[in-house]
Amino acid sequence: MRTDDNATQSITKVIAASSLGTLIEWYDFYIFGSLAVIIGHQLFPSDAGASALINTLAIFAAGFIVRPFGALVFGRLGDLIGRKYTFLLTLVLMGGSTFLIGLIPSYSSIGYAAPILVLILRLVQGLALGGEYGGAATYVAEHAPEGKRGFFTSWIQTTATLGLFLSLGVIVGTKNILGADVFADWGWRIPFLLSILLVGVSIYIRMKMHESPVFSKLKSEGKISANPLKESFQKKANFKMVLLALFGATMGQGVIWYTGQFYAQSFLENTCKLDFNESRYILLWAILFATPFFVVFGSWSDKVGRKWIMLTGMLLGIIFYRPIYQYFIDATNVGEFQKTELLSVSAPVVTREFLQEKGDSVVTSTVVKTLKDGSTFKEVKVETIHTDPTLAAVEPKISFADVTLPSSTYWTIIALVFFQVLLVTMVYGPIAAFLVELFPTQIRYTSMSLPYHIGNGVFGGLVPFIATLVASFQGSTPLSGLWYPIGIASLSFIIGAVYINNKGDRDVND
Amino acid sequence: MNALKRLLGIVWIVLGPVIILFLVMQAIEKIAAAAEGIARTNTTLQWSIIIIIFIPICAGLMIFGYYGLKGEYDRLPQSSEEL
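Residue numbers (this note's numbering), protein chains in the order written: chain A, 1 to 510; chain B, 1 to 83.
Certain hints may be false.
What the hints assert, rightly or not - With a cut-off of at most 30 angstroms between alpha-carbon atoms, the simulated BS3-like pairs for lysine-lysine come out as follows:
#  : chain 1 : residue 1 : chain 2 : residue 2
1  : A       : 175       : A       : 303
2  : B       : 30        : A       : 235
3  : A       : 273       : B       : 70
4  : A       : 236       : B       : 5
5  : B       : 30        : A       : 397
6  : A       : 235       : A       : 307
7  : A       : 230       : B       : 5
8  : A       : 235       : A       : 13
9  : B       : 70        : A       : 235
10 : A       : 307       : B       : 70
11 : A       : 236       : B       : 70
It should be emphasised that the hints constitute simulated quantities derived from the structure, not laboratory data.
Chain A on its own, in the form it takes in the complex (with noise of 0.2 angstroms):
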């Protein structure tokens, strides 16, 4: 089945030389988005306008819009002339366009350009990812033997999420060594800079590997798809397949994969008013603890088959999202925090700003508040001064920000994100060569990539956008922004349920 070059070539290496492409990929796409507020003052113009605009488009439309059309283009081009020298071009695109964001000069040198190269090269790596991933998990899914596919393919998994800590690594280290100012200033670049010594290496590493086996061998045979999108979409056999994947799987999966990776942190930070450092701590040692589960859960769907693993995660997810959100509102309810004993309160910060009319002035006094339970926070009272006696006193606005939580909460706090990321563990782990087994050689990379990326680039992509949006509409709760992800996730689980078989087609070589 194999040549005899590719049976030299340990599967180990393939891996390595995937998941390391993969990996970096990943961080290129998420640099931008965890650099996002830095470029938005660097790059684009202080007052709002066309910029808000283009700003918007920039991270709407490449990240929601384009992976999928990346599916496309890559994916035909994958069955078309190979796994290899796609995902090759795909890396190189992806590492170019990050390299050259970091070069952008700033928009009061060139203006309007900066904001409209940023917008072409994001569109570049949303393009580029969309490619990516459905090339990676085809090459090593076809190197793997049956019965360990979704071993070998969970590592190609633990790359979104290890991408995720390299750059969150990477930014807090380069901030840490040059300081906030400098860091803001041009230190924001050198995380898109060093992106072309980690794409060059990655380059040089799949340069060195062979084509997939199983595509090689259709290749000798001439068995290559002349078409492989209307393969894909215009044949009903295979196109009922693709719906089936999206809608009873990769939908799921994705905001399965959203809501614990990034709508977690986000609440905690924005609804709970947690410290930023603190948030952004209990994302990265939930994924540090939950990562390892990828390769877990994957090796054992080769066992029990892949749907009901990835099924029961939904599940568990329908189930416990509420539950937990809600615990994470009650235990960081200032309130409650301020029945425990004050150790200290730090001596207050006054600003007082004059208003235009009638001489009235609001003053704002922060203070932070040490409880002996360890938590602190800081208290901003905001009080209006009216110059004219006859008005009455306006009641002050009292607010929290800046939560940090006491030892035994934090780590509670900690757990909980793990069991999300653990439920995402189990609907990614696996999926990979749940979608690889169900489509033929001929159009396989066409033919996942589409689905995955509607799933995780549209469904997922979307958890923190629309959760926000229905937490915002009257007589909402701030728990009212789950029902999206929990509705999606019913839905795949239903139709997975129904329409899925536990065992498919094992067989990647026809």
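We have chain A already, so just place chain B on it with the hints.
Frame of chain A; chain B shown alone:
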């Protein structure tokens, strides 16, 4: 199970247009509620993108339902030869 697959097919066929209708109604409400100027333009842009993305997905859900109703998923292919 096959009867259930076919019955649920009707649900997916109906669900597609219902979702689109819901999104359009939400878009109209939220765009009207947004402040004049760039905020409204941005809200319009965001909702337009959402609706443009979800129209083909909902069409896909309807086709999926149609296939389910017609019994296309009664038996899934056991090998790639059947695709």
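Going down the list of hints, with the structure as the test:
no.: 1; hint: A:175 x A:303; verdict: 45 angstroms, violated
no.: 2; hint: B:30 x A:235; verdict: 40 angstroms, violated
no.: 3; hint: A:273 x B:70; verdict: 51 angstroms, violated
no.: 4; hint: A:236 x B:5; verdict: 18 angstroms, holds
no.: 5; hint: B:30 x A:397; verdict: 28 angstroms, holds
no.: 6; hint: A:235 x A:307; verdict: 25 angstroms, holds
no.: 7; hint: A:230 x B:5; verdict: 27 angstroms, holds
no.: 8; hint: A:235 x A:13; verdict: 36 angstroms, violated
no.: 9; hint: B:70 x A:235; verdict: 16 angstroms, holds
no.: 10; hint: A:307 x B:70; verdict: 24 angstroms, holds
no.: 11; hint: A:236 x B:70; verdict: 12 angstroms, holds
Of the numbered hints given earlier, the model fails hints 1, 2, 3, 8; all others are met.
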